[in-house]
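2 protein chains.
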Amino acid sequence: MEYSSKHLEDLIERLAKLPSIGKKTALRLAFHLLKVPAEEALELARAIERVRTDVVSCEMCGNIAETQPCYLCADPSRDHAFLCVVEQPGDVIAIERSGVFHGLYHVLRGSLSPLDGIGPDDLRIRDLVTRVDEGGYREIIVATNPTAQGEATAHYLNDLLRDKVRLTRIARGLPIGADLELSDQITLARAIEGRKEI
Amino acid sequence: MEYSSKHLEDLIERLAKLPSIGKKTALRLAFHLLKVPAEEALELARAIERVRTDVVSCEMCGNIAETQPCYLCADPSRDHAFLCVVEQPGDVIAIERSGVFHGLYHVLRGSLSPLDGIGPDDLRIRDLVTRVDEGGYREIIVATNPTAQGEATAHYLNDLLRDKVRLTRIARGLPIGADLELSDQITLARAIEGRKEI
Numbered sequence: 023m024e025y026s027s028k029h030l031e032d033l034i035e036r037l038a039k040l041p042s043i044g045k046k047t048a049l050r051l052a053f054h055l056l057k058v059p060a061e062e063a064l065e066l067a068r069a070i071e072r073v074r075t076d077v078v079s080c081e082m083c084g085n086i087a088e089t090q091p092c093y094l095c096a097d098p099s100r101d102h103a104f105l106c107v108v109e110q111p112g113d114v115i116a117i118e119r120s121g122v123f124h125g126l127y128h129v130l131r132g133s134l135s136p137l138d139g140i141g142p143d144d145l146r147i148r149d150l151v152t153r154v155d156e157g158g159y160r161e162i163i164v165a166t167n168p169t170a171q172g173e174a175t176a177h178y179l180n181d182l183l184r185d186k187v188r189l190t191r192i193a194r195g196l197p198i199g200a201d202l203e204l205s206d207q208i209t210l211a212r213a214i215e216g217r218k219e220i
Numbered sequence: 023m024e025y026s027s028k029h030l031e032d033l034i035e036r037l038a039k040l041p042s043i044g045k046k047t048a049l050r051l052a053f054h055l056l057k058v059p060a061e062e063a064l065e066l067a068r069a070i071e072r073v074r075t076d077v078v079s080c081e082m083c084g085n086i087a088e089t090q091p092c093y094l095c096a097d098p099s100r101d102h103a104f105l106c107v108v109e110q111p112g113d114v115i116a117i118e119r120s121g122v123f124h125g126l127y128h129v130l131r132g133s134l135s136p137l138d139g140i141g142p143d144d145l146r147i148r149d150l151v152t153r154v155d156e157g158g159y160r161e162i163i164v165a166t167n168p169t170a171q172g173e174a175t176a177h178y179l180n181d182l183l184r185d186k187v188r189l190t191r192i193a194r195g196l197p198i199g200a201d202l203e204l205s206d207q208i209t210l211a212r213a214i215e216g217r218k219e220i
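Chains A and B supply the protein sequences, listed in that same order.
Counting in this note's numbering, the first sequence runs from 23 upward without gaps.
Counting in this note's numbering, the second sequence runs from 23 upward without gaps.
In isolation and in its complexed conformation, chain A is listed as follows (with noise of 0.2 Å):
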């Protein structure tokens, strides 16, 4: 045995599974739990188990939620003429922060990827087309990743969706603070196109 505990080992394995963590982190977090007081240890076990019992989808968006609908979609004051479609519920996240966009969302849970075998069906774009149809938005903003994926899927939305709504893609360009003379070409190319008047 290499450990001097199995209960040691079980947790070094699973934490090394985990993204980013490599087995030396592990090991790391590990002695950290143990060495901490026992509460703290026990609160992380317990958040844990908390965000896979307690947490739900939300039915309207496809967003993380405690209640159905989320609490965006419950917000009266948010302005229900936008809707802004991103991947992932950490892309929400992401654009509430930057504090621009006060519309509601639909999360796809992931993008298209014929190579990894997603589809069209994987996602929840079905739904966002019963919402379209339904909802009267004035505006489509779509927010997937600037990454093949990503444009791939704003696409096809626009394939699906430019009859019924007016769509827009979020701009591509250098980012602040970037540099010019280091920032990648295709980068670069997408500013140049996207340029516009001071």
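Treat the hints as calculated values from the structure; they're not laboratory data.
Hints are not guaranteed to be accurate.
To be verified - Here are the simulated SDA-like pairs of lysine to any residue, each with C-alpha atoms no more than 20 Å apart in a straight line: (1) B:Lys28 with A:Gln110; (2) B:Lys39 with A:Phe53; (3) A:Lys28 with B:Thr75; (4) B:Lys186 with B:Arg160; (5) A:Lys57 with B:Val77; (6) B:Lys57 with A:Asp143; (7) A:Lys39 with B:Lys57; (8) B:Lys186 with B:Thr152; (9) B:Lys46 with A:Gly121.
Source: prediction; values computed, not measured.
Please build the complex by placing chain B on the supplied structure of chain A, with the hints as guidance.
This is chain B only, laid out in the frame that chain A set:
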């Protein structure tokens, strides 16, 4: 509310408290735990719980254990003439992995660090002296870290034990695969000081 679930927010905060886990990694881990099969996430929670409820400290060597004494102290095939002193339980794992030591261990559970208020009484040094007085060891190998605190601890142990037993210190020098040109001056100085006949 920035997150659409308080449970999720709580989990992210607790994950971000772990060493080497920043806010962004915590977010990523939390979403990962939401995405994997529930059983996988719940098993991690249970592994954390078990490690805090069923794991004890060996009264003999101070290592992490599930039995009293631990399986290393209880193993009759280990060479009871050699005692290796280390700072932390993780160090025992590292030395076991090297495969060259077959004696017993003594885990100090830290190193002398006056600036942090850690003195000899905060470590398992008294237990070590008792073990040395009673154990009839042929050699004590001091394998504390080659850091200021680890070296200070080694010096302290040397003062305390050199009249009782043969004390050795693990070698400090260039790590295998290192580039001489790129190694720091202190390591290189130690490597030259510690030179041996070929």
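Hints and how they fare:
With a C-alpha separation of about 18 Å, the suggested pairing of Lys28 of chain B with Gln110 of chain A holds against the 20 Å cut-off. Using a Cα cut-off of 20 Å, the hinted pair Lys39 of chain B and Phe53 of chain A holds, with the two alpha carbons roughly 14 Å apart. A distance of roughly 13 Å separates the Cα atoms of Lys28 of chain A and Thr75 of chain B; the hinted pair therefore holds under the 20 Å criterion. Among the hinted pairs, Lys186 of chain B with Arg160 of chain B is consistent with the structure: their alpha-carbon atoms are about 10 Å apart, no more than 20 Å.
Under the criterion of a C-alpha separation no larger than 20 Å, the hint pairing Lys57 of chain A with Val77 of chain B is consistent with the structure, at around 11 Å. Only pairs whose Cα atoms come within 20 Å are accepted, and Lys57 of chain B paired with Asp143 of chain A is accepted, the gap being roughly 18 Å. For the hint linking Lys39 of chain A to Lys57 of chain B, the alpha-carbon distance of about 13 Å falls within 20 Å, and the restraint holds. Note on Lys186 of chain B and Thr152 of chain B: the hinted pairing holds, with a Cα-Cα distance of about 11 Å set against a maximum of 20 Å.
The hinted pair formed by Lys46 of chain B and Gly121 of chain A meets the criterion: a straight-line CA distance of about 19 Å does not exceed 20 Å.
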